[in-house]
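> For this one, chain A is given, so just place chain B on it according to the hints.
Chains as they are written, first to last, in this note's numbering: chain A, 63 to 322; chain B, 9 to 157.
Read the hints as simulated data drawn from the structure, not as lab findings.
Among these hints, one or two may not hold up.
Straight line, CA to CA, 25 Å or less: simulated DSS-like cross-link-like pairs of lysine-lysine [as the list claims (entries may be wrong)]: (1) B:Lys141 with B:Lys32; (2) B:Lys32 with A:Lys168; (3) A:Lys168 with B:Lys142.
Just so you know, these numbers come straight off a predicted model, no measurement behind them.
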Amino acid sequence: MDSKDEGAVVELAMLAGHILLDNGAEIFRVEEVIQRICDHYQVTSVNEFVLSNGIFITVGSSVEPAFARVEHIPVSGTHLDKVAAIDRLADEIDMGLYTVEEATAKAEEIRRRPEVSRMLRCLASGLGSAAFCCLFGGDLADSACAFGAGFILYLFMLYVSGPHLSKIVGNLIGSLLVTLICAFFYLFVPGRHMNFMIIGSIMPLVPGVAFVNAIRDIADGDYISGAVRMLDAMLIFVCIAIGVGFGIDIISRLSGGALL
Amino acid sequence: MIMQLIAAMAGTLAFSILFSVPKKYYLICGLIGAMGWGTYLVCGRHLGEATSILAAALVVAFLSRLVSEAVMCPSPLFLIPGLFPLIPGAGIYWMTYYIVTDETGLAMDSGYHALKQAVAIVLAIVLIFELPKKCFTVMGRTLYRKEIK
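This is chain A alone, in the form it adopts within the complex (with noise of 0.2 Å):
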């Protein structure tokens, strides 16, 4: 094998290892999907380090050239469809379905992949915001609320705190956007639990997979990458707990204490 093929064999493990990580896997099954790919094709002297926010990879021993490559990861939205079509790749490449070329073809494929429509989505977070107020006690009128409380948040997310705004400030201004809604509803619509439609509307906020993969990753001993995914997820639960409070206590206050 000459040195060529290493670079596209470290370059495919890297692309894969890049969505995987992206796209909301744990440390271990980027690693584990790094070396099952360089290992079927042959490269046995790498040595892969993966954080949560970057991969590098190095190749080089007596017999192969050394190879290196760093890549800085931000972190991004979610898309499990990818990181199970990465995962079923590196099977179909252990199965020696693919060479390179092709591998990496449709390593790029997956990557370019359309995400679910916009629409869908918001429709999706008002459901489950109408879901979780009905979870913790609202009644159906209190879920009707929710369900636009959240849907609006959701667009929020989308054209405003996705592009422009900070992780910290877009959960912020989210939460705060999310008590006020649900305060103007409480005050003006008949729905009868403030409290139960907050709750419901800001899950979408709610850090769930950066909470579970520092879980999954402080389980394998990834502990940096765990404690970084652990700190952004405990981050993201003050400023929602930041914005509700600031909600509520403006809308008290302007409103005589009719809510509390």
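For chain B alone, coordinates are given in the frame of chain A:
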């Protein structure tokens, strides 16, 4: 109770859409979420809050691993949406609410409960993922073959 289960299922399903789980697994995600919440409700009658969450999270994590082996898909696809109803979002809210209304005692109380629930989820995931992969592979494969027939 039925209403609660449907709500848990709808909520889990909604979050599986938000995390773009493949379409064919939406329903499984919903069912896992509903089973987790059902476990929580049933245990809640006899056991404490945190213990019930622990039991529910154990069920969710176990089922996620089982299904993930049966359909050969990574387990986070089912685990993350399934755990959503158990994550102490409500606890965080009540803590904030009591802080704003100057009820420090109650605020500490709900914060402490939220923390306990979070720790219970951690414990459940750690325990279930400690089990060897092999037993899930065997169980998952048997289950899946039965479903095909």
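> Flag every earlier hint the structure violates by its number, smallest first.
Structure breaks hint 3 only.
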